[in-house]
Amino acid sequence: MMTLLAETSSSEAGAGMTATETADHLFQTIIGMFSRADTLAQPTELVAHLQTLGAIWAVIFLVAGMVCLLRGYQFYKPVTILLALLVGMVAGYALGLRIEAPYIVAGCLGLLLAVCALPLMKYAVALFGGLAGAFIGANLWTGLAAAFNQGAGMTLPSEAYWIGALVGLIVCGMLAFVLYNLSIVLFTSVSGATIAVLGAIALLLSFEGVRGPVADGLTASQLIVPMLVVVPAVMGLIIQETWGGAAKAEGAGGE
Numbered sequence: 001m002m003t004l005l006a007e008t009s010s011s012e013a014g015a016g017m018t019a020t021e022t023a024d025h026l027f028q029t030i031i032g033m034f035s036r037a038d039t040l041a042q043p044t045e046l047v048a049h050l051q052t053l054g055a056i057w058a059v060i061f062l063v064a065g066m067v068c069l070l071r072g073y074q075f076y077k078p079v080t081i082l083l084a085l086l087v088g089m090v091a092g093y094a095l096g097l098r099i100e101a102p103y104i105v106a107g108c109l110g111l112l113l114a115v116c117a118l119p120l121m122k123y124a125v126a127l128f129g130g131l132a133g134a135f136i137g138a139n140l141w142t143g144l145a146a147a148f149n150q151g152a153g154m155t156l157p158s159e160a161y162w163i164g165a166l167v168g169l170i171v172c173g174m175l176a177f178v179l180y181n182l183s184i185v186l187f188t189s190v191s192g193a194t195i196a197v198l199g200a201i202a203l204l205l206s207f208e209g210v211r212g213p214v215a216d217g218l219t220a221s222q223l224i225v226p227m228l229v230v231v232p233a234v235m236g237l238i239i240q241e242t243w244g245g246a247a248k249a250e251g252a253g254g255e
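Residues in the sequence shown are numbered consecutively from 1, following full-length UniProt numbering.
Hints listed in this document are in silico derivations from the structure and should not be mistaken for laboratory results.
We put the CB at the ideal spot given by N, CA and C, even for glycine.
Incorrect hints may appear among the rest.
Said to hold, decoys possible - Simulated restraints on C-beta separations:
#1 K77 <-> E208: 35 to 43 Å
#2 M235 <-> V59: 19 to 27 Å
#3 A146 <-> C108: 33 to 41 Å
#4 L86 <-> M174: 21 to 29 Å
#5 L82 <-> S35: 15 to 23 Å
Stated by the list, open to error - Straight line, CA to CA, 20 Å or less: simulated SDA-like cross-link-like pairs of lysine to any residue:
#6 K122 <-> Y180
#7 K77 <-> V115
#8 K77 <-> E241
#9 K77 <-> L95
#10 K122 <-> G173
#11 K77 <-> P119
#12 K77 <-> G173
#13 K77 <-> K122
#14 K122 <-> L112
#15 K77 <-> V87
#16 K77 <-> L118
#17 K77 <-> F177
#18 K122 <-> V63
#19 K122 <-> G107
#20 K77 <-> V63
Can you build the whole structure from these sequences, using the hints too?
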C-alpha cells in the first residue's frame with residue numbers, strides 16, 4: 001500500500017489549478033488531515049494527504065508553525081485570533097458544502113469566531129487549550145493502544161480514542177482557568193509543533209527522490225509521527241517558559 005502512496009506525485013496539487021480549485025484543494029486536504037482527532041497516529045492516511053499538499057503550502061506551514069512554537073506566547077493574542085479565524089473557515093467550508101455555498105459560510109463563520117475571540121480572549125485560550133489537550137489525549141490513546149496490542153500484554157481498543165480526547169479536553173480546558181499563561185504556552189507549543197512537523201513532512205514528500213523512503217519510514221509504526229511532534233512541542237514549551245517571558249508573566253500575575 002505504501003509503495004502506491006509513495007508513487008503519488010505531490011506536484012499535481014498545484015499544476016493547472018485555478019484559484020478556486022486551489023482553495024478547494026487546500027480546504028479538503030486540511031479537513032482530510034484533521035477528520036480524526038488521532039490523525040498523528042494514523043500515518044498511512046496522513047501521509048496520503050500530505051503528499052498532495054504541495055511544496056509552497058508545506059513551507060508556509062513550516063514557517064508559521066515554527067513562529068507559533070518558539071514565539072507563541074509573545075504573540076498569543078494574534079495567534080489565538082488567527083486560529084479562531086482558520087478553525088471557523090475550515091468548519092464553515094465543511095458545513096457550506098451541504099448548501100453549496102462553502103466560501104460564504106467559511107468567510108462568515110471564520111470572521112465571527114475571530115471577532116468573538118478578541119473580547120473573549122480568556123475563554124478562547126481555554127477552548128484552544130482544551131482542544132490541544134484533546135488532540136494530545138486522542139493521539140496518546142491510539143499510540144498506546146498500538147504499543148499494547150503489538151505486545152503480549154493487555155489489549156486497548158484503538159477506536160476508543162475519544163476517551164483520551166475527552167480526558168485531555170477536560171484537564172487542559174480547566175487548566176486554562178487556573179494557570180492561564182501555562183495554558184497559552186501549551187496550546188501554542190502543541191499547535192506550532194504539529195503545524196511545523198506536518199509542513200516539514202509535506203516538504204520532504206514533495207521531493208521525488210526521498211518521497212518513498214520518507215513515506216515508508218513514517219508509516220512503519222503509529223508512534224513515529226506522534227513522537228516527531230511531541231519532541232519539538234516539549235522543547236517549545238521549555239523555551240517559551242524559560243526564555244520567552246512566560247515564566248516572568250506567570251510570576252507577575254499574568255493577565
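Hint-by-hint comparison with the structure:
1. K77 <-> E208: 35 to 43 Å: Hint holds: Cβ distance 41 Å, inside 35 to 43 Å.
2. M235 <-> V59: 19 to 27 Å: Holds, at about 21 Å.
3. A146 <-> C108: 33 to 41 Å: Holds: the Cβ-Cβ distance is about 40 Å, inside 33 to 41 Å.
4. L86 <-> M174: 21 to 29 Å: Between L86 and M174, where Cβ atoms are some 25 Å apart, the hint holds.
5. L82 <-> S35: 15 to 23 Å: About 22 Å separates the Cβ atoms of L82 and S35, which means 15 to 23 Å holds.
6. K122 <-> Y180: Given that 20 Å is the threshold and the Cα spacing comes to 8 Å, the pair holds.
7. K77 <-> V115: holds (12 Å)
8. K77 <-> E241: Holds, because 17 Å separates the two Cα atoms, which is no more than 20 Å.
9. K77 <-> L95: Answer violated: K77 to L95 is near 27 Å, above 20 Å.
10. K122 <-> G173: Given that 20 Å is the threshold and the Cα spacing comes to 11 Å, the pair holds.
11. K77 <-> P119: holds (11 Å)
12. K77 <-> G173: holds (18 Å)
13. K77 <-> K122: holds (10 Å)
14. K122 <-> L112: OK: K122 and L112 at ~17 Å, within 20 Å.
15. K77 <-> V87: holds (15 Å)
16. K77 <-> L118: Roughly 8 Å between the alpha carbons, so the hint for K77 and L118 holds.
17. K77 <-> F177: holds (16 Å)
18. K122 <-> V63: violated (26 Å)
19. K122 <-> G107: Since the Cα atoms of K122 and G107 sit roughly 24 Å apart, the hinted pair is violated (cutoff 20 Å).
20. K77 <-> V63: holds (18 Å)
Of the numbered hints given earlier, the model fails hints 9, 18 and 19; all others are met.
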